[in-house]
Amino acid sequence: DAGVIQSPRHEVTEMGQEVTLRCKPISGHNSLFWYRQTMMRGLELLIYFNNNVPIDDSGMPEDRFSAKMPNASFSTLKIQPSEPRDSAVYFCASSLASTGTDTQYFGPGTRLTVL
Amino acid sequence: QKEVEQNSGPLSVPEGAIASLNCTYSDRGSQSFFWYRQYSGKSPELIMFIYSNGDKEDGRFTAQLNKASQYVSLLIRDSQPSDSATYLCAVRRGTVNTNAGKSTFGDGTTLTVKP
Chain E
38 DAGVIQSPRH
48 EVTEMGQEVT
58 LRCKPISGHN
68 SLFWYRQTMM
78 RGLELLIYFN
88 NNVPIDDSGM
98 PEDRFSAKMP
108 NASFSTLKIQ
118 PSEPRDSAVY
128 FCASSLASTG
138 TDTQYFGPGT
148 RLTVL
Chain H
10 QKEVEQNSGP
20 LSVPEGAIAS
30 LNCTYSDRGS
40 QSFFWYRQYS
50 GKSPELIMFI
60 YSNGDKEDGR
70 FTAQLNKASQ
80 YVSLLIRDSQ
90 PSDSATYLCA
100 VRRGTVNTNA
110 GKSTFGDGTT
120 LTVKP
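Taken in order, these protein sequences are the chains called E and H. Yeah, the first sequence ends on 152 if you go by the numbering used here, and it's all consecutive. Yeah, the second sequence ends on 124 if you go by the numbering used here, and it's all consecutive.
By construction, these hints were calculated from the structure, which means they are not laboratory data. Do not rely on the hints blindly, as some may be mistaken.
Just some of the chain E residues that point at chain H, by a computed CB distance under 10 Å [stated by the list, open to error]: (1) F70; (2) I92; (3) V126; (4) F128; (5) T140; (6) G144.
Straight-line Cα separation of at most 30 Å, DSS-like style, residue types lysine-lysine; simulated pairs [said to hold, decoys possible]: (7) H/K111 to E/K61; (8) H/K11 to E/K115; (9) H/K76 to H/K111.
The beta-carbon is built from N, C-alpha and C at its ideal position, and this holds for glycine as well.
Start from the sequences and build out the full structure, keeping to the hints where you can.
The structure is reproduced here in structure tokens:
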């Protein structure tokens, strides 16, 4: 199993630019989570999907952030326009809810730097 | 008050000792509790979960849960230098049989095991 795949692994962009982060969950998993991790705020849940439907987006910081999951094997997190305070490591995680253990498998993360 | 609180550390123990990591949570409706390990520059990985009051053992790891005190801990016996990492406590309202739900993470405790 390839695990959760995220791309790009590193992204450096300038303030005001659009950034799109991509995630491919583990095949067969039906829940997908987007997290952001910074030294100041720790690991924060931004949004999660269940069966491709957004369930809780209360962690999305503001309208500049949007997430989509057009199918079970792909999700995007978009920031437009980006700001320096968006610099963080963004993790995607997936799980299979029916197992009852709710083990979330995290991807390697995307390190975003906004200059 | 944060929903999930952990001592940030760093916690330093000698090799072979028992490391004790603590976590308290504020939501009395929490049902599921998880311990993740995160090596520097890597993504979190689940090492244990617990749902019922009491102890749960898995190899050198023991998770302890006390819902009345809203307290969960992780004991690592015979600590090894390879255990040096940040340990994240996560709490979820959902039970074993519900769909995957929002997990709230603590900021983590950094553990250093000295040879």
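Quick rundown of the hints versus the structure:
{"no.": "1", "hint": "F70", "in the structure": "holds, 8 Å"}
{"no.": "2", "hint": "I92", "in the structure": "holds, 8 Å"}
{"no.": "3", "hint": "V126", "in the structure": "holds, 9 Å"}
{"no.": "4", "hint": "F128", "in the structure": "holds, 6 Å"}
{"no.": "5", "hint": "T140", "in the structure": "holds, 5 Å"}
{"no.": "6", "hint": "G144", "in the structure": "holds, 6 Å"}
{"no.": "7", "hint": "H/K111 to E/K61", "in the structure": "holds, 20 Å"}
{"no.": "8", "hint": "H/K11 to E/K115", "in the structure": "holds, 28 Å"}
{"no.": "9", "hint": "H/K76 to H/K111", "in the structure": "holds, 19 Å"}
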